[in-house]
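Enquirer: The chain contents come next:
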Amino acid sequence: MSNAFVLHADERGYDKILSTGATAAYAGGHPDAFITRCSSFNFGDYQDGRPGFGRIRVFGDEAFYHPGCSYNMHPHHNFIICAFVLEGKLTHINTLGQIDELGPGDYYAFSAGSGGLHEELNRHQEPMRAIYLWLLPDRLLLPPSYERGHFDATAGLNRISALVGDQAGTLTIPQDAGVSRLVSNTPGTFRYRPRSAGHGVYAFVIDGMVRCDGTTLKRRDSKAVWGADEIIYETHAGDTDVLLVETII
Amino acid sequence: MTDDALKRWICLGCGFSYDEAMGLSAHGLTPGTRWRDIPEDWVCPDCGTPKSRFEMVEIPYAAGQPAAQVAA
Ligand SMILES: [Zn+2]
Numbered sequence: 025m026s027n028a029f030v031l032h033a034d035e036r037g038y039d040k041i042l043s044t045g046a047t048a049a050y051a052g053g054h055p056d057a058f059i060t061r062c063s064s065f066n067f068g069d070y071q072d073g074r075p076g077f078g079r080i081r082v083f084g085d086e087a088f089y090h091p092g093c094s095y096n097m098h099p100h101h102n103f104i105i106c107a108f109v110l111e112g113k114l115t116h117i118n119t120l121g122q123i124d125e126l127g128p129g130d131y132y133a134f135s136a137g138s139g140g141l142h143e144e145l146n147r148h149q150e151p152m153r154a155i156y157l158w159l160l161p162d163r164l165l166l167p168p169s170y171e172r173g174h175f176d177a178t179a180g181l182n183r184i185s186a187l188v189g190d191q192a193g194t195l196t197i198p199q200d201a202g203v204s205r206l207v208s209n210t211p212g213t214f215r216y217r218p219r220s221a222g223h224g225v226y227a228f229v230i231d232g233m234v235r236c237d238g239t240t241l242k243r244r245d246s247k248a249v250w251g252a253d254e255i256i257y258e259t260h261a262g263d264t265d266v267l268l269v270e271t272i273i
Numbered sequence: 007m008t009d010d011a012l013k014r015w016i017c018l019g020c021g022f023s024y025d026e027a028m029g030l031s032a033h034g035l036t037p038g039t040r041w042r043d044i045p046e047d048w049v050c051p052d053c054g055t056p057k058s059r060f061e062m063v064e065i066p067y068a069a070g071q072p073a074a075q076v077a078a
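Protein chains in written order, with the numbering used here: chain A, 25 to 273; chain B, 7 to 78.
Just so you know, these hints were derived from the structure itself, not from any lab.
Just so it is clear, the structure is predicted and the values come from calculations on it, not from any experiment.
There could be a bad hint or two in this list.
Calculated pairs, EDC-like style, for lysine to aspartate or glutamate (alpha carbon to alpha carbon, straight line, at most 20 angstroms) [to be verified]:
(1) Lys13/B / Asp162/A
(2) Lys13/B / Glu26/B
(3) Lys57/B / Asp72/A
(4) Lys13/B / Glu46/B
(5) Lys113/A / Asp231/A
(6) Lys57/B / Asp69/A
(7) Lys40/A / Asp56/A
(8) Lys40/A / Glu150/A
(9) Lys40/A / Glu111/A
Construct the entire structure; sequences and hints are all you get.
Expert: Right, dumping it as structure tokens:
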């Protein structure tokens, strides 16, 4: 018996975080800089939705506007924080000694473990858009780690590509969870088999449209399914880009 | 785990973890201080998230932990 929920784009939490006023200590940049964040799950002052899904606690669809726009350097413990850059360029700085600039298709996994600080920064005029995913770890206070990867949308066309997890070539994280991406430009049927009945998959449509077990999901809509042997994603003739997060429930 | 077992709580704003067994000496919470006995207006020492936005977790520690967690 499988279970599911659907979350439409306009049902998510919305924050606009300014570089001035009450949020100035948190968001940096010139006075016109701001971050927009659409949250699929409870986060910060947005507490009207779901607390999470499986080990997912944050799923933020974010944009950083104007040069210098940033979350200033701030501390974390424990959470595994992943960013998937969609547009523009993201500068990621952390206390593991990394200063990294990531472009479209690039992604990272930063496991804060026993403690680490990071800054997320757009240094350019072009807006930076990224998906931020936070997962609980399977152990508390692990040694912090940082890895980056790249998704090649051309090589990954019309199939499901693993980005994070325990498959070859993916970024490894300390949790029974993984991330894949489905990019398609032609009608297709993609069958996803979760690794057990105790796993679920949260599918988020970055662009385009997909049918997930019969539900039509448009841009920035999402659907979670758990307890299923197989989940069917059907793409159409246009461009489709879907992020799939599998997690133990 | 029984209801009386000492528990761990994690800040949903930043991931800071509070362990009832460890307390948080730097913030006046002696080892064994129960979550329920921490004032309701207490906030995360790292990020200011209110006590109400912590989640109780049953996640084991990494090897060699817990050393005293140092707030940043
Ligand atoms: Zn915190």
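Enquirer: Lysine 40/A and glutamate 111/A were given as a pair; does the straight-line alpha-carbon distance stay at or below 20 angstroms?
Expert: 19 angstroms, holds
Enquirer: Check the hint pairing lysine 57/B with aspartate 72/A against an upper bound of 20 angstroms on the C-alpha distance.
Expert: 17 angstroms, holds
Enquirer: For a C-alpha distance cap of 20 angstroms, please report whether lysine 13/B and glutamate 46/B respect it.
Expert: 17 angstroms, holds
Enquirer: Given the hinted pair lysine 113/A and aspartate 231/A, is their Cα-Cα distance within 20 angstroms?
Expert: This hinted pair holds, its Cα atoms lying about 19 angstroms apart.
Enquirer: Next pair to validate is lysine 40/A with glutamate 150/A; report whether the Cα-Cα distance is within 20 angstroms.
Expert: The hint holds at about 18 angstroms.
Enquirer: Does the alpha-carbon distance linking lysine 13/B and glutamate 26/B stay inside the 20 angstroms limit?
Expert: Between lysine 13/B and glutamate 26/B the Cα gap is close to 6 angstroms, so the pair holds against 20 angstroms.
Enquirer: Tell me if the straight-line CA distance from lysine 13/B to aspartate 162/A falls inside 20 angstroms.
Expert: 16 angstroms, holds
Enquirer: Lysine 57/B and aspartate 69/A: Cα distance at most 20 angstroms?
Expert: The hint holds at about 13 angstroms.
Enquirer: Regarding the pair lysine 40/A and aspartate 56/A, is the alpha-carbon distance no greater than 20 angstroms?
Expert: Cα-Cα ~12 angstroms, so holds.
Hint violations for this structure: none, all hints satisfied.
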